[in-house]
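A.B. asks: Keeping their order, the protein sequence lines are chains A and B.
For reference, each letter of the first sequence is one residue, going 1 to 420 in full-length UniProt numbering.
For reference, each letter of the second sequence is one residue, going 1 to 152 in full-length UniProt numbering.
Don't take each hint at face value.
Claimed, not checked - A short list of chain A residues far from chain B (calculated; beta carbon distances all over 12 Å): (1) 50; (2) 173; (3) 264; (4) 301; (5) 405.
Said to hold, decoys possible - Straight-line C-alpha distance at most 16 Å; calculated EDC-like pairs for lysine to aspartate or glutamate: (6) A:415 with B:9; (7) B:84 with B:59; (8) A:10 with A:42; (9) A:415 with B:41; (10) A:412 with B:4; (11) B:125 with A:364; (12) A:9 with A:400; (13) B:84 with B:41; (14) B:125 with A:29; (15) B:84 with B:115; (16) B:84 with B:95; (17) B:84 with B:112; (18) B:87 with B:41; (19) B:87 with B:49; (20) A:9 with A:29.
Hints in this document: simulated from the structure, not taken from any laboratory.
Note that the Cβ used here is the ideal one computed from N, Cα and C, for glycine as well.
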Amino acid sequence: MSFRAEEVKKDFPLLRRTVRGGAPLIYLDSGATSQKPFQVLDAEREFYERHNAAVHRGAHLLGEEATDAYEGGRAKVAAFVGAVPGEIVFTKNATEAINLVAYAMGNAATAGPEAERFAVGPGDEIVVTEMEHHANLVPWQQLCQRTGATLRWFSLTDDGRLDLDGLDGLVNERTKVVALTQQSNVLGTVNPVALIAERAHAVGALVVVDGAQSVPHQAVDVAALGADFLAFSGHKMLGPTGVGVLWGRRELLEALPPFITGGSMIEVVRMEESTFLPPPQRFEAGSPNAAQVVGLGAAVDYLTALGMENVHAHEEALTGYALERLAEVGGVRVVGPTTTEARGGAVSFAVEGIHPHDVGQVLDELGVEVRVGHHCAWPICRRYGVPATTRASFYVHNTESDVDAMAEGIRKAQKFFGTT
Amino acid sequence: MQLEAMYQEVILDHYRNPLNKGLREPFEGEAHHVNPTCGDEITLRVHLDGAGRDAAVADVSYDAMGCSISQASASVMTDLLIGKSVKEAMEVGDEFLALMQSRGRETAPNEDVLEDAVAFAGVSKYPARIKCALLAWMAWKDATARALGEAS
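Same shape as in the complex, but just chain B (with noise of 0.2 Å):
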């Protein structure tokens, strides 16, 4: 049985009692991202503390709404970038993407970087399914550039 290969404990225990959901003050950066095939919706906001690559990421808050592959990611998501500097969490999503797009080949994740996330490399052999853990890192990656100015 593969399902619980895909819905690992972590994921699970996120999904029913996620980290830093709510929205909150203050944001320099807030996106809304949905995914059309099922309805998942995200609004997530970004708190940036300094200027450029180099900022501290103070806080990101979140409305979401979505399966529990969706709402655990978002959690798991703000649980490992607060903190971070705006050049590290960056590289962090890079990771997680490239976990995503791996497909479940036998590459082993890079747990010192991605930690709770590596419970995600399940997820990644279902296409249908990277979507839902993508979300909350896109927006992300979207308040964020809106956070420093780099996008409209």
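Chain A on its own, in the form it takes in the complex (with noise of 0.2 Å):
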């Protein structure tokens, strides 16, 4: 690997300071949200000190300003997967993203003859898979229920990956949509989309994929990947929260009905009824977050300079590290696939006798900091027979180091609890 991740922690503020009674803080749970380095705090400071306006409005000098750094981030975001700046659109996270298209396909069926192809009705079929963060369920079970489609998944086999076994008869001509993570936020699982997608068009179903965990850990090329729309998040790729991204088909995105409506992405308005820009403006009614659009701008330039491979193979021998050292402390399962074949960096284990919060509290007291509970994945805990789960994350500043604590954490709450 091309970077030293002792010097990228270096830009880290927020990793310098000490937790519970002194301890050097370890960060583990990256997956939750990421922290961020020097250069995208500067970037969002410097857009309030200096060019703050009200952007795509107005017609003095900051207002320009303004539009064209929230517009030169949708450009950075564009090329960070492969993408024209048409066909990204800013939403206030992934969930949004994903809800997004959901409820503009709710709408399509009064939206005009040109949002008749993205109609859901009774009969039609959304398929889902059993590993999906909420936010990539929880609007598909919303969206079966408000038309009256049917839901159905993709289950998962002992090994943590999807069951394909079935694919041609679960994916079929009555599928509307796949939807379907890249990467599971819990088992680490990175899914076949390009296959999955093959068998979603030949059917005529559209591939709606979350990318959440994906995009800020591998290098994610949109014609690659070979779905209609992708769903990711600033704030878990060293950008700030309060920004996520829709990546459309630019076709798509132009036939697809608004979700939000009001300010900024309409063309006219009359008392009667208003006619919508094209996309992106589309789907970004109201006051847009420059700010936050500006920070992650520069967390894809961070990210790109360190470079995507880069960070996909250091967090790929991280894992491989934690996976072994995982092993090694004994009454310690892991959950999901137990090789880093076709596997990202968040490692969900079970330690035996011990609670997942019990566990957490005592990493904490040693100043590691990783996540317990279900993951907002819960689904994933009633497949695997596990209450909940205690979860580490890598990104670019984790060294062995923070696998060794972690892994010197797990024995003492196992002598702490006595199970060994």
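Join the two chains into one complex using the hints; note that each chain is given alone, in its own frame.
C.D. replies: The following block contains the structure:
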């Protein structure tokens, strides 16, 4: 790998602090939200200090600068995933990006002939997977509830993969949408999106991909991905909170009716009715999150400078090391693939005889911050018969010594609770 | 090290050997509570002897899944409340809630009322764990309201 995590870590002011009585912070929860480097914080601050104004309106200099900064962020994000700027819609977060598609499809039945291709109703099917984050499950459940469509899903194999045996039956001519994650936030599994998209497109279904855990951690190119929509989140990729992204194929975005309506997204407004702007503005009602988009642009620059291939290689090496160390500890069961093949850097596990909350408490006392709970993917816990899991997730600043500290903490928990 | 302050021996004892665990008949009120942030669950039944707030809490039985704090809290609670009147038990519940909301401030918990439950004082310093400690108490309140016909 061509960057040193110890050097990268110096760019993150928060990672210098101590916690719980002076313990150095070891942050292993980037899967929930990532910390921010100086470059991102500076970019956001500079926007407010020098260029802040309402974007896309007014005719003064600041307005021009703010608009340029905002649209500059769009161009950077587009380039980052191999898209064109007109295909990038900014939302509040990945959750809103997915809801945008689901609600727009719900609006399609009454939005005119152009939108008819998106309409769903009784007899139609929407396919998800059992490993989805609630953000890519509940909006589809709700769309089914509103329209009478049927929700179906891929089940999971014992080793944490999608069960693709029934692919052709599950994704069939009734399927309108296949919504799946590219990388599981709990299992770490990287799904074969292109393979599933090929089948989905063969039957005329749309493919919506949750990229919240993939875009920050591997090079994602929308052309190679094969999807129709891709949602991801700024705050998980070193950017600010409050900004998410929906990428959509241009011809689809052009036909898709709006979700949230109001100012900034209209063409002509009369008391009786209104017409709407083309995408992406059609989907960005109200004052946009300009400073956050600027920050996200800086995050994209930062990741691009590191090189996404390098980021992926770094995390793959750490994940492999963590899987080895966890196996050595004993009494630890990894929930998800136990090799680094088609796997990202979220490692969930159960410690025999100790509830994840208690594992997390002991780790926290040592300054090791992991996530405990069901990680907004409750069906996964049910599938693997665990009430919850402890999850470590890695990013560019993590090192093998962080993994060592976690392994040591698990041993300490086992000692404290008397399970070894 | 704060761990010992939080995981008092009495908490670990109740966790390892919970009292009154298992669902029993008869009961007049039942409640199922979930902590949506971690998935901890409890089903809790209340059997009252008598009517209204003067009724005696004849039995509290439960089935629960969760962390040491939530499991120990359920055990300590049943031990405290069984045998008291509903009115007294509600007062104990209010006292425990106040302790949990104290965020570890230096107010001496009322040991006469709370008995073993004072051990949870350390938990109140960890906002993420307060819900764990309160899960059984909230289920008890709910089940009792149902037993009294105060809730559907």
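A.B. asks: All the hints need checking, so say for each whether the structure fits it.
C.D. replies: Checked hints:
no.	hint	result
1	50	holds (38 Å)
2	173	holds (37 Å)
3	264	holds (35 Å)
4	301	holds (35 Å)
5	405	holds (16 Å)
6	A:415 with B:9	holds (14 Å)
7	B:84 with B:59	holds (10 Å)
8	A:10 with A:42	holds (15 Å)
9	A:415 with B:41	violated (26 Å)
10	A:412 with B:4	holds (13 Å)
11	B:125 with A:364	holds (13 Å)
12	A:9 with A:400	holds (13 Å)
13	B:84 with B:41	violated (25 Å)
14	B:125 with A:29	violated (22 Å)
15	B:84 with B:115	holds (14 Å)
16	B:84 with B:95	holds (15 Å)
17	B:84 with B:112	holds (14 Å)
18	B:87 with B:41	violated (26 Å)
19	B:87 with B:49	holds (13 Å)
20	A:9 with A:29	holds (15 Å)
Hint compliance for this structure: hints 9, 13, 14 and 18 are not met, and every other hint is.
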